[in-house]
Amino acid sequence: MESFDPAELPELLKLYYRRLFPYAQYYRWLNYGGVVKNYFQHREFSFTLKDDIYVRYQSFNNQNELEKEMQKMNPYKIDIGAVYSHRPNQHNTVKLGAFQAQEKELVFDIDMTDYDDVRRCCSSADICSKCWTLMTMAIRIIDRALKEDFGFKHRLWVYSGRRGVHCWVCDESVRKLSSAVRSGIVEYLSVVKGGQDVKKKVHLSEKIHPFVRKSINIIKKYFEEYALVDQNILENKESWDKVLALVPEKSIHDELQKEFQKSHSSLQRWEQLKKIGSNCGLWLEWEIMLQYCFPRLDINVSKGINHLLKSPFSVHPKTGRISVPIDLQNVDQFDPFTVPTISAICHELDVISTNEKEKGEGETESDTKHRTRNYKKTSLAPYVKVFEQFLENLDKSRKGELLKKSDLQRDF
Amino acid sequence: MQFSGNKRRKLKLAGDQKNACYPHSLQFYLQPPSENVSLIEFENMAVDRLKLLKVVENLGVSYVKGTEQYQNKLESEIRKLKFSYRENLEDEYEPRRKDHISHFILRLAYCQSEDLRRWFIQQEMDLLRFRFSILPKDKIQSFLKDSHLQFEAISDAEKTHRDQDIIASSSGGIKLDLESVYKVPFADALDLFRGRKVYLEDGFAYVPSKDIVAIVLNEFRAKLSKALALTTRSLPTVQSDERLQPLLNHLSHSYTGQDYSAQGNSGKISLDQIDSLAAKSFPPCMRHLHRVLRENHHLRHGGRMQYGLFLKGIGLTLEQALHFWKQEFVKGKMDPDKFDKGYSYNIRHSYGKEGKRTDYTPFSCMRIILTNPPGQGDYHGCPFRHSDPELLKQKLQSYKISPAGISEVEDCGFSLNHPNQFFFESQRMLTGGKDPKKEPSLPETPQPRPGAAGTPKARDAPSTLAALNSSMEVDLEGLEAYFSS
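Chains C and P, in that order, give the protein sequences.
No gaps in the numbering here: position 229 of the first sequence is 229 in the UniProt record's numbering, and each next residue is one more.
No gaps in the numbering here: position 395 of the second sequence is 395 in the UniProt record's numbering, and each next residue is one more.
A few of these clues could be false.
Quick look at which bits of chain C chain P covers, simulated, 3 or more residues with Cβ under 8 Å [to be verified]:
(1) 29-41
(2) 167-181
(3) 201-213
Here are the computed lysine-lysine pairs in the DSBU-like style, where the Cα-Cα straight-line distance is at most 35 Å [as the list claims (entries may be wrong)]:
(4) P:Lys183 / C:Lys37
(5) C:Lys399 / C:Lys303
(6) C:Lys221 / P:Lys145
(7) C:Lys193 / C:Lys399
(8) P:Lys82 / C:Lys176
(9) C:Lys303 / P:Lys223
(10) C:Lys201 / P:Lys82
(11) C:Lys258 / C:Lys220
(12) C:Lys153 / P:Lys280
(13) P:Lys223 / C:Lys200
(14) P:Lys226 / P:Lys268
Because the hints were derived from the structure by calculation, they are not lab data.
All values derive from a computational prediction rather than experimental measurement.
Yeah, the Cβ is synthetic: ideal placement off N, Cα and C, and Gly gets one too.
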C-alpha cells in the first residue's frame with residue numbers, strides 16, 4: 001500500500017472527488033427516498049478547506065450540485081449537520097429565530113482517547129491491534145442495545161479514520177427525536193462515570209438491569225484475550241495496583257495483594273480476584289470488567305440536533321484513511337490498519353487506467369458510467385457494498401411504511 | 001362553548017347517555033365542553049374550582065402529598081365543593097360535568113401569564129395525581145385508553161415471558177402476578193428509561209403500574225401546557241365579551257379564601273394606635289406605605305388604594321379613615337377644601353358609600369404582586385417582588401432583623417397570602433393567642449416571589465416575615481424612635 005503523505009492531499013482529493021467518491025449512493029442515503037419535500041435541500045454540510053478554512057451552512061439542490069461543489073472546493077473534511085427549516089445556504093435571509101434545526105440522525109462518537117486511563121499499549125491518538133478490541137466491544141454492546149432495547153433498525157457504523165468509530169441511526173422516527181430524548185438514550189447507555197479525578201468509575205447496585213447484564217455477557221467473550229493477555233492488566237505490581245485501586249474494601253484489597261504476589265500470571269490473578277470477590281457478595285469482578293471495557297460515549301455529540309459530525313467517505317487529513325462503513329456481520333474481523341488510504345486507492349486507480357489504456361479498453365473520462373464504476377475496481381468497493389446494503393434496508397422499510405399507509409387509506 | 005343569557009338551558013340526557021359523556025371520575029380535559037351554560041352557573045363553577053385548587057395548594061404545603069391525612073382532607077374538600085373524585089358513587093354526572101366545564105373556564109383566566117400558567121398546571125397536576133391514586137386497578141386501563149394514551153397492559157403470558165427482566169429493572173420490590181405492567185413507547189417514559197429504571201424491549205418500556213403515574217402526569221403536563229399556549233391566542237375574543245371579562249379578571253386575581261373585609265373588626269382600632277401597630281404588625285409593604293405617607297404627607301392612587309383598603313381591613317371606620325388621610329395630607333400643605341373635593345369622595349367610594357356601592361375588599365398578595373406594578377414615584381406593590389434586592393436587604397436590616405434571624409427560621413405555621421392575614425396572625429401571636437403550629441416542613445407560598453429580584457433571603461418571604469414579627473417584640477423602643485423621626 002502506498003504510504004500517505006499529507007502534502008499530496010490537494011492532488012489526491014481532486015482525483016478522489018472526481019472519480020472515486022460514491023455520490024449516487026451518498027445522495028440516495030441523504031435524500032431518504034425523496035418522501036419529504038426539500039429534505040436534502042435543507043441539510044447542512046460543512047467543509048474544512050485547505051489551510052484550515054472552515055465553511056458552514058453549505059447546502060445543495062441535488063446530487064449534481066453536490067458533486068460540482070465538492071469538486072470545486074476540494075474539501076479536506078466534510079461534516080454532516082441537521083436538516084433545517086430553510087436552505088442553510090440562505091439562512092441569512094431568514095427572519096431572526098425562524099431558522100431552526102429540525103431533524104437529524106441520532107449519532108454516537110466513540111473515541112479511543114477516552115480510554116487512556118485503562119489501556120496500557122497506547123495513549124491519545126495512537127491505536128494498535130491490542131486496544132482496537134475496545135472498539136469491537138463498544139460496537140457490539142451499543143449496537144445490541146440500539147437494536148434490541150430501543151428497536152432502532154437502520155444503524156450505520158463508520159470508522160472515523162483514525163482512532164474511533166461513529167454510529168448513525170437513521171430511522172425516520174429517530175431523526176425526529178428531541179434533544180431531551182437523545183440525552184436520555186446516552187444516559188441509558190452510560191455505565192462508566194467520572195473524569196480523571198474519579199478512581200472508581202463503575203458502581204453496580206444490588207439489582208442488575210438487563211442492559212448491564214447483557215453488556216457484561218458481551219464483554220465476557222473478549223475479556224480474557226483482551227484484558228488478561230493483550231493488555232495484561234495484572235502483569236506486575238504497577239499494573240495490578242491500578243486494578244486494586246477499584247477495590248474499596250480494605251480487607252479484600254490486602255488479601256488480593258497477597259494472593260497476587262503468589263500467582264504467576266494475569267490469568268491466575270484474575271481467578272483469585274473472581275473467587276475472593278464473589279465470597280464477599282460484591283459485584284467486584286463485573287465492576288472491574290466494565291471499567292476496563294465498557295464503551296465511553298460523548299453525550300455532547302449525541303444530544304444536539306444541530307451537531308455536525310464527520311461524513312462517511314470523508315478522508316482523514318492526518319492518516320489519509322477513508323471513513324468507511326463497518327460490516328456488522330464481520331465486526332470481529334474489522335482491522336483499521338487495512339482500511340484503504342486515499343493514496344492507496346488513487347494509486348490503484350492509476351494502475352487500472354494505465355492497464356485499460358494499454359489494452360485499448362475503457363471509454364473517455366467524460367463518460368459518467370465510467371466514473372461511477374471507478375471505485376468498484378479499488379479497495380473501496382467492499383465498503384461501498386456495505387453502504388449499499390444499508391441503503392437497501394432503508395428502501396425496504398420505506399416501501400413497507402408507504403404500503404401500510406396506503407392500505408389504511410383504502411380501508412377507510 | 002356558548003354563553004346563553006340568564007335563562008338556563010340545561011342539556012337533557014337520559015341516564016346511560018349521561019354516563020357515556022363522562023365515563024370516568026377524572027379526565028385529561030382533552031375536549032372542551034360544547035353545551036350551553038348560564039352566566040350564573042359559569043361563574044359559580046369557576047369560583048368553586050378556584051377554591052378547590054387553592055385547597056390543593058394549601059394542603060400540598062401543609063401535608064406530605066399522598067399521606068393519609070392529605071388524602072382524607074383533600075377528599076372531603078372535593079366532596080364539599082361537589083366535584084368528582086371517586087368512581088361508583090351515585091349520580092356522578094353532575095360533579096363530573098362541573099369538573100369538566102370549570103377546568104376549561106379557568107384555562108381562560110389562567111393562561112394569561114407564565115406565573116398563572118405554572119400555578120394552574122401545578123395544582124391541576126396535584127389534583128389529577130390524587131384522583132389517579134384512588135382509581136381502582138381495574139379502571140386504570142380503560143381510563144388510559146379513553147385518554148388516548150398508548151399504554152396497554154400486557155397479558156399474563158407476556159408478563160411471564162419477561163418477568164425476570166422486568167423485576168430486575170424496577171426499583172424496590174414488585175409482585176408481578178399482582179401488578180399490571182404497561183407497554184409504553186420508550187420516548188414517553190423518558191424519566192424512567194434514562195436512569196435505567198425500566199425494562200426496554202424493541203422500543204417499548206415495560207412499566208409496572210406503580211411507575212405509571214409519573215408517565216401519566218408528564219403526559220398531562222405536556223398536553224395542558226400546550227393547550228394553555230393555544231388558549232392564549234383566542235383570549236382577545238373572549239376578553240372582548242363584556243359578560244366574561246370582569247369575571248375572568250376577578251378569577252385570575254382573586255384570593256378566594258378569607259377576604260379580610262372589615263366585618264367584625266370595625267371600630268376596634270384607634271388612630272393613635274396606627275404608628276405602633278405599623279411597627280409591630282404591619283407587613284413590610286404596608287409598613288413602607290405608612291412611613292412614606294408620614295414622611296411625604298402624600299401617596300399616589302396605587303398606594304392609597306393598597307394601604308387604604310388594608311386599613312379598612314384591620315378595622316378603620318370610614319370616619320377614622322377620612323380623618324386619618326385628611327390630617328396627613330393637610331400636613332403636606334394641601335388645602336383642606338381640596339382634600340374634601342378630590343380625595344374624600346374616593347375614600348367613601350372604597351367603603352362602598354358612593355357610586356355602585358361596592359364594599360371593596362383589601363388586596364391579597366397575589367393581587368398586589370400581579371396587578372399594577374409600581375412606577376416612578378409609587379410606593380405600593382410588594383417589596384419582595386418589586387424592590388431592588390439591595391434596598392430590600394437594607395430595609396430588613398433597618399427593621400433590626402439580624403442576618404441570623406432571617407436565615408434561622410421559626411415556622412409561622414401558616415402560608416401567607418394576604419397582608420391583612422399577616423396583621424391578624426401577628427396580633428394573635430403578640431396578644432398571646434394560640435401557639436402557632438410547628439410544621440415539620442417550611443410552608444412555601446407561590447407569592448411573594450421575588451421575580452426580578454432574587455436574593456436567597458427574599459425568597460424566604462414567609463419566614464422572613466415571621467422572623468420580622470418575633471424580633472419586633474424585642475426592639476420596640478428603637479423602632480418607635482425610627483418611626484417618629
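Checked hints:
Interface restraint, the segment 29-41 of chain C with chain P: violated (0 residues with C-beta to C-beta distance below 8 Å; minimum three). Counting residues of the segment 167-181 of chain C whose beta carbon lies closer than 8 Å to any beta carbon of chain P gives 3, which meets the minimum of three for the stated coverage. Counting residues of the segment 201-213 of chain C whose beta carbon lies closer than 8 Å to any beta carbon of chain P gives 7, which reaches the threshold of three, so the coverage claim holds. For a cut-off of 35 Å, the pair hint linking P:Lys183 to C:Lys37 stands: about 34 Å separates their Cα positions.
For the given pair, C:Lys399 sits about 29 Å from C:Lys303 by alpha-carbon distance, which is consistent with the 35 Å threshold. Straight-line distance between C-alpha atoms of C:Lys221 and P:Lys145 comes to about 44 Å, which puts the hinted pair past the 35 Å bound. Between C:Lys193 and C:Lys399, the direct Cα distance comes to roughly 42 Å. Violation of the 35 Å bound is thereby established for this hinted pair. Between P:Lys82 and C:Lys176, the direct Cα distance comes to roughly 44 Å. Violation of the 35 Å bound is thereby established for this hinted pair.
Of the pairs offered as hints, the one joining C:Lys303 and P:Lys223 holds, with about 24 Å between alpha carbons and a cut-off of 35 Å not exceeded. For the hint pairing C:Lys201 with P:Lys82, the CA-to-CA distance comes to about 56 Å; that exceeds 35 Å, so the pair is violated. For the given pair, C:Lys258 sits about 26 Å from C:Lys220 by alpha-carbon distance, which is consistent with the 35 Å threshold. The straight-line distance between the Cα atoms of C:Lys153 and P:Lys280 is roughly 71 Å, outside the 35 Å bound, and the hint therefore fails.
The hinted pair formed by P:Lys223 and C:Lys200 fails the criterion: a straight-line CA distance of about 42 Å is larger than 35 Å. For the given pair, P:Lys226 sits about 50 Å from P:Lys268 by alpha-carbon distance, which is inconsistent with the 35 Å threshold.
In the structure shown, a violation is registered for the earlier hints numbered 1, 6, 7, 8, 10, 12, 13 and 14, in ascending order.
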